[in-house]
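**Q** From just these sequences and the hints, can you work out the full model?
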Amino acid sequence: GYNLVIAHGSQYGTSLQQIAPDFPKTAFAWGTSLDTFQADGITNVFAYQAEAQQGGYVLGTIAALMSKSGVIGETGPVDAGDAKLYIEGFQKGAEAAKPGVKVSVTYTGSFSDVSLMATAAETHIAAGADMLTGSSQSVVGAIGVAKDKGAFWFGTQWDQTSLAPTAVIASQVYDWTGIIKDMIATVKAGVMGGKAYTLTFKNGGLVIAYNSAITVPADAKAAADAAITAINDGTIVP
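Just so we're aligned, residue -3 is where the sequence shown starts under the working numbering, counting upward by one.
By construction, these hints were calculated from the structure, which means they are not laboratory data.
There may be inaccurate statements among the hints.
Pair ranges (Cβ atoms, derived) [stated by the list, open to error]: (1) Asp178 - Thr231: 24 to 30 Å; (2) Gly37 - Thr225: 40 to 46 Å; (3) Tyr(-2) - Ser65: 46 to 52 Å; (4) Asp18 - Ala218: 52 to 58 Å; (5) Ala222 - Ala35: 36 to 42 Å; (6) Gln13 - Asp215: 44 to 50 Å.
30 Å max Cα-Cα, derived BS3-like pairs, lysine-lysine [unchecked claim]: (7) Lys217 - Lys64; (8) Lys184 - Lys21; (9) Lys64 - Lys88; (10) Lys64 - Lys94; (11) Lys217 - Lys88; (12) Lys198 - Lys184; (13) Lys143 - Lys64; (14) Lys143 - Lys88.
The C-beta atom is built at its ideal place from N, Cα and C for all residues, glycine as well.
**A** This is the structure:
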């Protein structure tokens, strides 16, 4: 009886391709992707994607300028979706802000294995990283390691400050409000799919949330603000 069903996760794409045609009066949405399957003749699927590389670039800029060791560690779940976008954007931002900075990237292969994420964080720190970041719900393991080992953390998707107020410097936050409202309005108007949405700084879907308990140096904050402006006007394409 639901008019709109949201399957959040890139792993659901194949399933929606198979299921959506059987329920033409139901609208489906999935992400992170921009593929609505219209090329396959499917008309009742929306797609959405957080342009996570934008916030990744900004946070990578801050991390590089705040790092004392010159080594940064990144850990993602799988090399796909917004996790991949974020990880790659973070690396680009760090390397642009401080040429010569070392950015190590690992993928655990799991969205939920907290222990794998924690182990990856420990490996990064042992290799000299003093700035860490990662994506997926399993980052709680890595954040705990950062807090215990005296490293700093940058979050994505939601404000992760509360998980470790002494370690989390800033987070990229996704705001889905505008997209969800538009999907609902579109379905009410009788259009069941075919539209792809993006979250960006420019449309307010991406926001950088700073931890007020940790001071970001003025030069790093200025560089972050400048990066956002440049991303919005197209000067920088992460």
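**Q** For every hint, state whether the structure bears it out.
**A** Hints and how they fare:
Distance hint check for Asp178 and Thr231: the Cβ-Cβ separation is about 28 Å, which falls inside the suggested range of 24 to 30 Å. Here the CB-CB span from Gly37 to Thr225 is close to 42 Å, well matched to the stated 40 to 46 Å. Checked against the hint of 46 to 52 Å, the C-beta distance between Tyr(-2) and Ser65 comes to roughly 50 Å, which is consistent with it. Taking the beta carbon of each, Asp18 and Ala218 are about 54 Å apart, inside 52 to 58 Å as hinted.
About 39 Å separates the C-beta atoms of Ala222 and Ala35, a value consistent with the hinted range of 36 to 42 Å. For Gln13 paired with Asp215, a C-beta distance near 48 Å keeps the hint of 44 to 50 Å intact. Restraint check for Lys217 and Lys64: the C-alpha separation of about 16 Å stays at or below 30 Å, so the hint holds. At most 30 Å may separate the alpha-carbon atoms for a hinted pair to count; Lys184 and Lys21 meet this at roughly 12 Å.
Using a Cα cut-off of 30 Å, the hinted pair Lys64 and Lys88 holds, with the two alpha carbons roughly 18 Å apart. Restraint check for Lys64 and Lys94: the C-alpha separation of about 12 Å stays at or below 30 Å, so the hint holds. Between Lys217 and Lys88, the direct Cα distance comes to roughly 17 Å. Compliance with the 30 Å bound is thereby established for this hinted pair. Straight-line distance between C-alpha atoms of Lys198 and Lys184 comes to about 26 Å, which keeps the hinted pair within the 30 Å bound.
As the CA atoms of Lys143 and Lys64 are separated by approximately 17 Å, the hinted pair is consistent with the 30 Å bound. With a CA separation close to 25 Å, the supplied pair Lys143 and Lys88 stays within the 30 Å bound.
Of the numbered hints stated above, none is contradicted by the structure.
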